[in-house]
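> Each chain, written out:
Protein chains: 2
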Amino acid sequence: MKVAKFGGSSLASAEQVQKVVDIIQADPQRRFVVVSAPGKRHADDTKVTDLLLATCEGLAASKDVRPLLTEIYARYAAIAAPFQVAPELLAEIQSALQQFLTLSPNDDPHFHDKILASGEDNNARLIAGILQASGLAARYLNPEELGILVTDEPQNARILPASYTKINAWAETEEILVIPGFFGYTEDGEICTFSRGGSDISGALVAAGVNATLYENFTDVDGIFSAHPGYVHHPEPIKELTYREMRELSYAGFTVLHDEALMPSYRAKIPVVIKNTNNPTHPGTMITNQRNNLTQPVVGVASDEGFCMIYIRKYLMNREVGFTLRVLEIFKEFDLNYEHMPSGIDDISIIMRANQLNPVLEEELLRKIAYEIDPDELRMTHDLSMVVVVGEGMRQRVGITADSTAALARKNINLEMINQGSSEVSIMFGIHKEQEKAAVRTLYYTFFD
Amino acid sequence: MKVAKFGGSSLASAEQVQKVVDIIQADPQRRFVVVSAPGKRHADDTKVTDLLLATCEGLAASKDVRPLLTEIYARYAAIAAPFQVAPELLAEIQSALQQFLTLSPNDDPHFHDKILASGEDNNARLIAGILQASGLAARYLNPEELGILVTDEPQNARILPASYTKINAWAETEEILVIPGFFGYTEDGEICTFSRGGSDISGALVAAGVNATLYENFTDVDGIFSAHPGYVHHPEPIKELTYREMRELSYAGFTVLHDEALMPSYRAKIPVVIKNTNNPTHPGTMITNQRNNLTQPVVGVASDEGFCMIYIRKYLMNREVGFTLRVLEIFKEFDLNYEHMPSGIDDISIIMRANQLNPVLEEELLRKIAYEIDPDELRMTHDLSMVVVVGEGMRQRVGITADSTAALARKNINLEMINQGSSEVSIMFGIHKEQEKAAVRTLYYTFFD
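Just so you know, the protein sequences line up as chains F and E, in that order. Note that full-length UniProt numbering has the first sequence beginning at 1, numbered continuously upward. Note that full-length UniProt numbering has the second sequence beginning at 1, numbered continuously upward.
To be clear, the hints were calculated from the coordinates, so they are not data collected in a lab. Keep in mind that the hints are not guaranteed to be accurate.
Copies of the same chain are indistinguishable here, so a pair counts whether it falls within one copy or spans any two.
Taking lysine to aspartate or glutamate pairs in the DMTMM-like style, the calculated list, with each CA pair at most 20 Å apart, reads [as the list claims (entries may be wrong)]:
id	residue 1	residue 2
1	Lys269	Asp376
2	Lys332	Glu362
3	Lys269	Glu377
4	Lys269	Asp374
5	Lys2	Asp27
6	Lys269	Asp335
7	Lys332	Glu372
8	Lys332	Glu71
Chain F with its partners taken away, still in its complex shape (with noise of 0.2 Å):
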């Protein structure tokens, strides 16, 4: 059985719940749908869930919030409104929405989550509704009643271990089980969302407890493109990727997925597929744990900005153990996160997201450094991107990495760092910002024309 996960994008409007209701009844193994919160039906529309979190600010700043709450009942109301459901259904929501106004934001410490999470819950009673109306035996679960437990950090929940049995004990359902994504309840019941995209972990999390045999993902595009469209015109679309190459591709600007969601579907080796719920026909990019089809070595090329660089060098650095403990010992201290760390005989380089640091902080860590390890030299690269090819087949081909190198030279695109470790998943470049568009645009096509 399959566990079918509709984005934001799908749900947003009758018309495109029109389309996940024949998704669902086109496949009778679809008995698990999750569902996020009704999204944007065109660029200059407001989610739900922005609407909701305005809301709270709202209440926050003692402001009357009922004209909010009226614009979120209507996005429910339109999408029901071609369907013919429950009376009832829409009271309920009604009611749940003017439950807000009886929360307290200071006292409360899931103050956020209750609100936040209403827009995937009553989004779940809707659609339920709406696939009862349309003759479907579909039922709205409550996280808790499926077992959904999680720990009780606001905003930042995590799945507790327990869940996967509960989950599993509703794996032989008959009904179709219409499931909100996005929170979990703590062991004391209380509301606790994961952080924000966070449906994408729910679905997951429901296929790998109940053992699915395809978890899909249904977005509003055909799937995971080789490339970047707006660096690369029309790329190639990816038809299968492993969880290895599709980090690789998101931690690198690659973002139709949320980044830690696929956690629990790769633990319980759960085939995931990309979809598009406007064209449901397309085969769309299969997540798997192994690729069988590695005739084409790389599977992408991607690229991300606004990394730093700091450069420290030292003559016989090497022979000095401990070295790199002390250097990222300092990071601890300032609580700064590094990428990476190439490293020469005598000097070593650390990589970093810049957004960590401000002009004030990156003086102070400099000046740490100096102190402590009293380099000969010592420097920041600022403006630095990361331009990531990734495929599992290039472990087998010597050329990959001669291929890159000799298109980036042939572009005259200067290589500030390598790194390619043993896992040969991806190599990785770091370059100029300025050059990282053409850099992809080169490396794409070297690899997929």
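We have chain F already, so just place chain E on it with the hints.
Positioned in the frame of chain F, the structure of chain E alone reads:
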């Protein structure tokens, strides 16, 4: 003024010492002469230092070492024979050697140091005598009188900073001072040697102390070659290279100079020249802080075997703050040094010298990592070699990496790792041992033909 250091092979026989005398005579700037102990005269010969080592072992085992002492004395006597040295000089050496019989191997912490240092000390006395006999104003100068002050760490002494000022007082000498290399004196007046091969340290220290214009290091080769002559037929000699380049080359198998020997001259910015006692008109290889001639971006290709690599992969690893810190702490706990640590998104490779491990320790280490890190994948790759392409000019050249990887790909040499930090004095390739020679050869012919 110049400091000239002569290695063991330059002082192995009377014939060789005549060349040394000629060299010193040829340039009145050569005021400070630092000498090693007599080395091998032919491939099957034994160095005086090794005879002294045998003497130590003999005394410690209460064996009769008098035949060894006779053999050692005979080496000095043979060198002295053609020169008209003062007869009391050889008697002095004889009596110094006899002193060993009065030492107590078990109670004296400087027992080894005293015996081993005598190789250089007696040779300095002898060479001073030979220079005098050749009509030069030369004299032996004891390291204590000169001011070489060291820490009290038997057989592993480090220079005390006070040495530099003390040595500097001799800068204006009118005489040629002949100084034994390899040892200094503690503040309590005890002899302590540097780690083996440390005569190069003495030379660099004297050069820094007297602020020499040049430190000449006389060996039995015309300088440093751009690749290992055992791997490449007639490799080009390097005319000029920087300390940084030297370090990168010596890290990976270039062993003309003792690894840490150049630290004092590096800090004092004294240029060093590697010259050949047997071919003194050859310009040799000059080592400087900065290289002006950058038309040739690559100065050499070096390699070394005996590395291994631990590969750790864990899904979402780079989200765990302090992950690498934990790995490094395990390494510290096991007292293991690592060399490099390239990383992907969710994986890291730790490259280390394999001689630090044995099968039992390796299993313990892997078990500890498995327990503490709980990785998705953990494996060890043995028999790795590091091949390094070195050159200060590389930073400005886009194509070096491309040319290197293309050359390796053409020879079907698979890359286990690439490490290129921001320094770009070197690019390092991790490859399988069996392909090391082929890799060095193809890289050499890429940049030197």
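> Would you mind marking each hint as holding or not holding in the structure?
Hint check results:
In this homomeric assembly, lysine 269 and aspartate 376 come within 20 Å of each other (Cα to Cα) only across copies, at 13 Å, whereas the closest approach inside a single copy is 49 Å. In this homomeric assembly, lysine 332 and glutamate 362 come within 20 Å of each other (Cα to Cα) only inside a single copy, at 14 Å, whereas the closest approach across copies is 28 Å. In this homomeric assembly, lysine 269 and glutamate 377 come within 20 Å of each other (Cα to Cα) only across copies, at 15 Å, whereas the closest approach inside a single copy is 47 Å. In the homo-oligomer, the alpha carbons of lysine 269 and aspartate 374 lie at most 20 Å apart only across protomers (18 Å), although the nearest pairing inside one protomer, at 48 Å, exceeds that limit.
Proximity of lysine 2 and aspartate 27 under a CA criterion of 20 Å is satisfied intra-copy only: 9 Å inside one chain copy versus 89 Å between copies. With identical chains, the CA atoms of lysine 269 and aspartate 335 are never at most 20 Å apart, being 34 Å at best within one copy and 38 Å at best between copies. For the identical chains of this complex, lysine 332 and glutamate 372 are neighbours both inside a copy (14 Å) and across copies (19 Å), given an alpha-carbon limit of 20 Å. Taking identical chains as interchangeable, the C-alpha atoms of lysine 332 and glutamate 71 are never at most 20 Å apart, the minima being 46 Å within one chain and 60 Å between chains.
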